[in-house]
Amino acid sequence: MAGLKKRLLFIGILSMFLMGTSSEAQAQNPQSAAPEINRFVSPGAGADAMIGSASRDSDQATPTPRNFLASRRPQQAGLIQGQVTEEGTGRPLTGIQVRVMDTNLGSLTNDQGRYRITGVPAGDLSLRAEGLGYRTVTREVTLQSGQTLEVDFELPISAIQMDEVVAVAYGQRTRREIGSSISTVGAGSISETPLARLDGAIQGKASGVQITQNAGDPGAGMSIRIRGSSSVSASNQPLWVIDGVPMFDEDFSQLGMGGQDLSGITGISPDDIESISILKDAAATAMYGSRGSNGVVMVRTKRGQVGAPRFTVNTSLGVQDVPNRLDLLNSTEYLQYFNESATNDGYREDYYGTPGVDDAINTDWQDALFRNAPIRTLELSVSGGQDRVTYRLSGSYFDQSGVVMGSGYDRFNARANVDVNASDRLSLQASLGFSWETTDRLEGDWSLTGVVPMTVAAQPIFPVRLDDGSFQGLGSGFPPDGLNYPNGVAMATYNWAETLTRRAIGNVEARFQVAQPLNLTARAGFDILAVRDNQWEDPRVDGIYAKAAEGIAKTGFSTGDRFVLDGYLTYEPDIGSQDLTITAGGTAEFTDRELSFVRGEGFSNLYFNRARNAANLIVADATERSNNLVGIFSRVDYSLRDRYFFTGNFRADGSSRFGPNNRWGYFPGASFVWLVSEEDFFPNSNTVEDLRLRVNYGITGNQAIGDYPYQGLFGTANYGSDPGLAPSNLGNADLKWERTKEFNLGVDASFLEGRLGLEADYYLKKTDDLLLSRPLTGTSGFTSVFANVGGIENRGFEFRVNSVNIRPRTSSGLRWTSDFNISFNKNEVVSLFNDEPFNAGRRNVNRVEVGEPLGAFHMIRFLGVDPETGNALLSEDREIVGSPHPDFTGGLTNSFQWKGFDLTTFLQFSYGAEIFNAMRLFADAGGWYLDNQFKHVMDRWQEPGDQTNVPRASFNGDSGARELSSRFIEDGSYLRIQEVRLGYELPQRLATAMGASSVRLYVAGQNLHTFTDYMGYSPDVNSDGSSANIGLGTDFYAYPIPRAITFGVRGSW
Amino acid sequence: MKIGRFFALFLLIGALSACEDELLDLEPVDQLTDEIAISDARGVEAALTGAYQALQSSSYYGGSFLFFNDLSADNAIHTGTYHSHAEAARNQLRPENSAVASIWNAIYEGINRANHLILRVPDISDLSASEKSRILAEARFLRALHYHNLVRLWGDVPMRTAPIASPEEASTIERVPMEEVYTQILSDLEAARSSLAGGGDTRRATLGAAHALAARVHLYREEWAQAETAAEAVEELGYDLAADYATLFPATGGDTPEDIFRVLFTVVQWNQLGWYYIASSFGGRGEIAPQQSLMDAYAEGDVRRDWTIHGNVEGAAHGTKFPTTAGAEHPHVIRFAEVILTKAEALAQQDRLDEAVTAYNRIRTRAGLAPHVLNQDVTSQQDVLEAIWHERRVELALEGDRFSDLRRTGRAVDVLDIPAFQALFPIPRAEMDVAPNMTQNPGY
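Line order of the protein sequences matches chains A and B.
So the first sequence is residues 1 to 1053, counted in the numbering used here.
So the second sequence is residues 10001 to 10444, counted in the numbering used here.
One or more of the hints may lead you astray.
Unchecked claim - Sample of chain A residues facing chain B (criterion: CB under 7 Å; computed from the structure):
#1 R465
#2 Q472
#3 L474
#4 S476
#5 T623
#6 S626
#7 N628
#8 Y666
#9 V676
#10 F714
#11 G724
#12 S728
#13 L776
#14 G778
Unchecked claim - Selected chain A positions facing chain B (Cβ under 7 Å, derived; list incomplete):
#15 A548
#16 Q711
#17 P723
Calculated from the structure, these hints are not laboratory results.
Glycine is no exception: its CB is placed at the ideal position from the N, C-alpha and C atoms.
Work out the full structure, taking the sequences as your base and the hints as a guide.
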């Protein structure tokens, strides 16, 4: 297998090389290519030219030779220059792209808003200026040979960007032409946010994208649902594509840390990101066929521009803390409550201790575990380029200590993006990123020995440390004379786990013009991960297995190699007022994972913590697994009179994960856009300016399950030293693609001279042939089997409104813009195997039942507290008592600018989701466990006649308080002040005096406050981690999400 | 040069399409497909080894199957944090109990492994007839053990005697009367008894193990004469009580003449027994502890007490039959002491009290207790039975016998003070959900 892959890679690279040499040969042929050579050697020619045009045949905004007339007549060239300013205020605009239409010539404006384009062919020209936040302006000019033409632009502020270039699969389009629903998040909203993970960058920023931070551990994964959950057993996470390479998104660590996975969506510095496009509907994602059903997130990294080297530095330093503590009993209340539980059930009233004596110690365990933790960032980059080569090189360091003792994350990044115009017809680009991440981890949520659970549970009547400085240990007897569980602070102090992730992700791409309308793109991409885990569990911690084992050390190595070869042709014939682009190609993807792991127990000295020094090697494991994917795809884009846009696409995918019966899946998509406002009958008013209707339909697939699910398999089952075999997987030869059919209807409009923009979408997404790990009666010898059964439906509305609320009158006047999005999704299971419902998730509370949302909470209903007995009134049978899916989610960003100041506020909200607060199983259990209790037990029933919803304390557990019931279901709605950022741009004079072209200071706050009724740390929680599909919405002592305040400086010169 | 370019492109596309099968036919490197796993003698031996490995499950002899038989009875209390175990200790098991479901699944997994062998072995060409019959006998012994463990806890249970061929086949299963299951058990045991040899590795099925299990099964069926015969067949093979009770429960393996069938564990193939029974102050998990009533059951001078229980304060006492948390003990599935008690009971039930007392006195004497004298220490048949049952409790305490034994002898309701229905475990909720014909035990 490895040999075959190498062969294919070799062939791929050879192909590119052949393309390169053949074009070089052509370029060196004096007869055929002399003018092209002249064009590139003529002094000064193109010094500012060859700026990336909005070409549609690449994922990247890179130079594409589109029209060679320009370069073939260098002797007739002239020069165009000028300034771009903001309309009404005259403020110079930086970073605006000015292009000569129908050529590949263009330039970006500098800090003074100036641009300069040389080597422009003489004649009647169309000149266009465009940039984010502004309406595109086109001017017609006539250039004489040898002339220098001064052309200035005044751009009106606009809330919407119809001409924004958006990355789509195997190409890019302007927003105007796209019939699909695609959200974009620009660099501006990411680059100054301290982020360990890429997925954090889009939370609340894009409609239709619901993101749950599973927990607050630095580097922990997030649950992303684009237009709802559409799968039960296969992944619901979107496909992430970085510069055209589908990246690994899974957790490669082999340490089971109890609940929280490590995000795979890391390894990229936020400052390197140019833009993120989220392809939401099936028509757009069908081009990624088999992996499109959960949406596709396409990330483009920043690239260099022609010009003198430009250095930027961004550094920030901040501090984090835990924004809110759980409200727990103090020692007096604790003792009183537990004694009352004894009294209520007929035991001594001082069963648990004497008030005033045994509650003399009052420990706030959360205080002992949580800390203020620093966070810092340093990002450096240099970009520039000349003539044929542009580059952007960057390096960054990010360091986040955890707010829980012993946790943390840091990351080093290096990235090199280089574009080479090897000849007039061949361009090459390399995008290479390297990262080195270290995550210091803790036993987490779902673990008996989790640090946070143990700390929350600890009885407040015992100290963290004894007088001699040693940690308080477990007690014996009943009630115990010490802690009931291991000491969480001792665990955080002595135990450690570190995961080191080394990653290289990138690609090399060649684009070649075969003939005037025909381009060939070939790409070899890779994502290579090497993950090393080390964990030590210390025998000094009382009550954990490591004590009995005299220390446990684990080391795991895990590598992931993914290679992607793409090749496609783009054909763009010139057919008058119509516009036609045909794209067709193929792709092959090889994914390999190798693992090794050792676990050793028994150490002679605490100095040791590696398996080599262990007395017993308990686990010594090594294996490998792989999967391959082959696809062919094609797309036709056709537009008529710039107002009717049609796209049809088709992809066929073959996957090694399915058997020969159903190996290939077919994924078509089609979309149509009608630019109504271009029609003659459309009134030419300033009230409604642009109006665009979109409709599309597509079919996508999902294959994100294990690597060999269709085969009946036997695995190792050794007995003593005899090697044995036993059935490990029940085969299903007919297993096939999970299929999602999606219909989308959208409208985009802009009003009031572009000051108000609206995007609205309705979608209906039906998934059938669910890849379901369906439960099987255990009598078969298996408890589940993968099968295609059942269906899920998601439907919803999404809205995005952005507006320019205050338009400045002068360049330093006040401006205020808003960006609001809200999404409504309704999720429903529509069919199942025999329509038999089943339960999954922790404690089996999440229901999969026809007619209900996926993972709806299914438990005994709590009906109140009997005023006579104080006992909980509970329903006989389990029923649906809530849903972990929100009714709607969204975000609101407000940006203000005034003189050199800018202020951005970002609110994020979620409404209607319920949370199973599983902490209360122990921390609101009526005194059945010795755990400290939530303070709301102070409202408990105490004597007949008490009207309350908190059952009485009960030693025997008879009050029903400890029953798993809907009493533990809480409203998870919240509104969060996720970010407030205040920035100040130093006056130009001052910056110049400092030797810089611009200097900016900022202060930012993250996760400042959450408005919620939820009792736990944060309603933004999912203790089952990002791979959970059914077991959603459960909080089991999740690591709190930190609040951070950072100060930063950004400068460039 | 254009040719060169197109050549490159075709090379690329051609390479991809030509390799399709090679690219997409992937098999795991660490598992074998069904077709080749059990296709020759080597595979059969490996699958047989795998069938024994099923016993190691932490829900079976590596843990909860044993725990629950003592927790649900009056031998052990729950001192840990697991809901599932707390329910067992309070005899409040619910169909949702995850540990009960895991025990059920673990036993059926063992049955499936045995069934694979029983199905495939006859067709294996490189095995001699005698090897085939030996392997089939071991597989059928294991299947009989599994099914008997099922009926002990659940009564009527579904029965599979062949692996399922497709997922669709699974869900039509239903429970069959216990009598039918017993017919299968006895037929499997008959096959095992006629083909297995005496002696041999006590971590694998032997003739002695088959006779001993047959004695147990007949005891449960109150077929006294057959129980007696089977027990005697065991005796005739030369088993004897270990001189010292302590030697039965060493931290790792260790053989005694009393061993009949044990499950092998190593520090790698770890069992939970010590970890769960040893108090946290001694480095264990302390999930389960011996009950006061068990401590009180030991007479003064009974050496077994100290080998079963450490300490004497309720809550602080812990089990010591599984002496370390390293999990490498080899728990007994069936040992000669039980066979003697079975024989004694079979004799007593046949009103041969003198012989019965003689039989169980071997157990008492080994424990350092004075032998009973008929008509002095015990008089009536009931006395003798009570004495045998008592010996059974203290001799086999924390070895996973008590709860089933109380139900067998019809004493569960009185001794444990529970409603009658709780003498059987509930059918797991998940089974009820996925197999429409499955019925629940009454009361749950």
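Checked against the structure, which of the hints given earlier come out wrong? The structure breaks hints 1, 2, 8, 9; every other hint is satisfied.
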